[in-house]
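Asks: The lines below spell out each chain.
2 protein chains.
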Amino acid sequence: MVPHLLTALKGPLLELERRLLDATPQIERWFRLEWQEHTPPVYCSTDLRNAGFKVAPVDTNLFPGGFNNLSDEMLPLAVQAAMAAIEKYCPDARNLLLIPENDTGNAFYLQSLVRLSAIMRQTGLNVRFGTLNPEIERPTLVDLPEGRTLLIEPLERRGRRIGLADFDPCTVLLNNDLSAGLPEILEGLHEQTLLPPLHAGWAVRRKSNHFAAYKEVAKKFSKTLDIDPWLIDSYFATCGAVDLDERTGEDCIAANVESVLRQMRSKYREYGIKEKPFVIVKADAGTRGMGIMSVRDPAEARELSRRRRDRLATDNEGIPVTEVMVQEGVATFETINEAVAEPVVYMIDRYVVGGFYRVHASRGRDENLNAPGMQFVPLPFAASCNLPDPKASPEVASNRFYAYGVVARLALLAASIELERTDPDQSLYG
Amino acid sequence: MVPHLLTALKGPLLELERRLLDATPQIERWFRLEWQEHTPPVYCSTDLRNAGFKVAPVDTNLFPGGFNNLSDEMLPLAVQAAMAAIEKYCPDARNLLLIPENDTGNAFYLQSLVRLSAIMRQTGLNVRFGTLNPEIERPTLVDLPEGRTLLIEPLERRGRRIGLADFDPCTVLLNNDLSAGLPEILEGLHEQTLLPPLHAGWAVRRKSNHFAAYKEVAKKFSKTLDIDPWLIDSYFATCGAVDLDERTGEDCIAANVESVLRQMRSKYREYGIKEKPFVIVKADAGTRGMGIMSVRDPAEARELSRRRRDRLATDNEGIPVTEVMVQEGVATFETINEAVAEPVVYMIDRYVVGGFYRVHASRGRDENLNAPGMQFVPLPFAASCNLPDPKASPEVASNRFYAYGVVARLALLAASIELERTDPDQSLYG
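Chain order of the listed sequences is G and R. Counting in our numbering, the first sequence runs from 3 upward without gaps. Counting in our numbering, the second sequence runs from 3 upward without gaps.
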């Protein structure tokens, strides 16, 4: 499938994309040098928003699902990138334990697991699935489409190592975002590499740490390229102690909404953007967008309806919200047959391996497209993200995807820095 | 284009391919461990022959041309692999000097240079072309198809560094096989990485060193997989001092032909192969197959006609032959529309990035397909070499190409070992 985007880009973004294309050797060298200083997480997916005048990451997932949504053509790239990752962490690895999400009832997620395990197998690893789900007490065959099955087994802790009954892995690949908290069974492992590390899970991770690191990365990158960092970054602010039941923190949210909107209005004026700015209010820790709201007015933030407050008050695994992030809203400008579309870029190690569009017929340009219960249609990127054609228009697929790949890698770099700073063992970064 | 091969494979090879498919994780781990011990050359192409009962490398090129023959779909893989290579050798590199063959009159070769430079540019390098050709005394625009041009400039030596008038590269990529001898201008460079190193050039390199290393690699690999190494390797022998003008060395060649044929007959009997064995007689140092002859009988070797002797006596850049290699002939079993076809596999760093078939309508199954003046038709591989489907037949394209990729990587590993052993600076391998 070839995405047919009804995009008619406006001035600043076209200029930005042109700038990225022209500066390709400089950009690639910049990343090469950054990766000398920082180690990327084993994998990562980044949701981007292209507003027509700016393109920015809105979510960086360190436990990506959706590998099934990438095109088959991208698989060789993914395998090659995974080889580089495994060589780095555990060159003599023979066995890889993959820890999936606890819920094995989602057929799409299971297909992503199949894809991910096929990629890892092709790097020369025996891959098996060990679950944190206490309800799975014995090896269990889970049904897949087309009569296939997936064997999911209970994790076993033996001393300071984790594995399956007859399987001792060198590397453990976490594909569970740990929203439910830090599982004791994974703590204090010895001579086993956990990828990504425990503190990448939502039990510890905060979006604001990520976006604070992203802001620095975007600033440094923008300085090198002599562009306005706002074209690839969003304003945000946090409130540290919010209890919507007790109505504490509402003032902070309202003030932050006002502050972010004020900064946005100033930028909109600077670039002559006529649209009405909006902000996103979301939990600082958490995942699947259950608590994500669009707000256009500080008053609206105060008048959060009970229903909305309930939505925000718990994320999908039931942790009460105590920290809230208010972030500049970036509308998606891309549409496919009048449905709004949002690009998601996939990375393994430091390489962009592909991407897809999340296409929603029933959602607005200013709404979150990754909400539960909302089925999106995945549309795989039809070209790779690492082969721009500087002689062609920025709107050619390979050029647009290159620009997306650059911004996504900035988010990847931000994630690396975020994970360094939040690592409980700071002795590693002397 | 999808290759439609009129192959009807016989028993042993199908068994070998099945074995390779089933052992994929083991094979990939084996390579991963080998690459901990050895450093691959920056790039490499390997000509393979699939005889229907065995598949073996017949030539390993450390200065590959023909990048233009790879499919566009393989380019992202090539870029990603080149990024890995550059990171390893010169992470802060900004400028890459590419030294092409001296002859810039070959339009196909020029297109390969364009492809190769595009790949390297996409890793974040400024790429320019500096030539060893003394006839090019000033920057010269060479015409390409479709009205494009390529700027080739004379090399300049400044102290212990090499570059162009206004260009000081960190990395120098040799795409000149140095058949004409070691150029003084490239000797004793300081703080510039020459890739591959000087001793990879035909001025120093010997095919017999390569195939001796390949024999060891094939033996080790075959032991791991419990297969007969002969299924992926060929017998060979060398004669060290041949002067066909003086008719010295003819006895040695005849004896070696007899010896290799004898070993082959024994293997043919073991596997019930009814074909008549033949050997290849070629210069031990040299390139483009000007002096490559098929011989079926030791008597034939003694009765080399004057014409053939002349052909063997000089390679394409005019160096008299003094060393000769006699190698088991591997007929190509693959045909496309009745034309014989030979796979060529391309590698950058330790990754297989693609390949193509050399298709010749006018040559026999037991002849060299890479002879000058013989135009072959390139047919790009239609699938990648790193995504086998163990559930499908070995004859499916992705599975056949995986097997080719494995054998080609064995040749790549042999080239690494060969270059270590022949490095004039042995202090690097303590």
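Just so you know, the hints here were simulated from the structure itself, not pulled from any lab data. Treat the hints with care, since some could be wrong.
Any copy, or any two copies together, can satisfy a pair, since identical chains are not distinguished.
[To be verified] The list that follows gives simulated cross-link-like pairs (lysine-lysine, BS3-like), each with its CA atoms no further than 30 Å apart:
#: 1; residue 1: 221; residue 2: 393
#: 2; residue 1: 269; residue 2: 222
#: 3; residue 1: 278; residue 2: 393
#: 4; residue 1: 90; residue 2: 276
#: 5; residue 1: 90; residue 2: 269
#: 6; residue 1: 278; residue 2: 90
#: 7; residue 1: 221; residue 2: 90
#: 8; residue 1: 90; residue 2: 222
Asks: Taking the hints in turn, state whether each one holds.
Replies: Now the hints, each set against the structure:
1. 221 - 393: within (27 Å within a copy, 49 Å between copies)
2. 269 - 222: within (20 Å within a copy, 65 Å between copies)
3. 278 - 393: Neither: 35 Å inside a chain and 55 Å across chains, both beyond 30 Å.
4. 90 - 276: Neither. Shortest intra-copy (49 Å) and inter-copy (48 Å) distances fail the 30 Å Cα cut-off.
5. 90 - 269: neither (43 Å within a copy, 42 Å between copies)
6. 278 - 90: neither (47 Å within a copy, 49 Å between copies)
7. 221 - 90: Both, since 29 Å and 28 Å are each at most 30 Å.
8. 90 - 222: both (27 Å within a copy, 24 Å between copies)
When each numbered hint is compared with the structure, violations occur for hints 3, 4, 5, 6.
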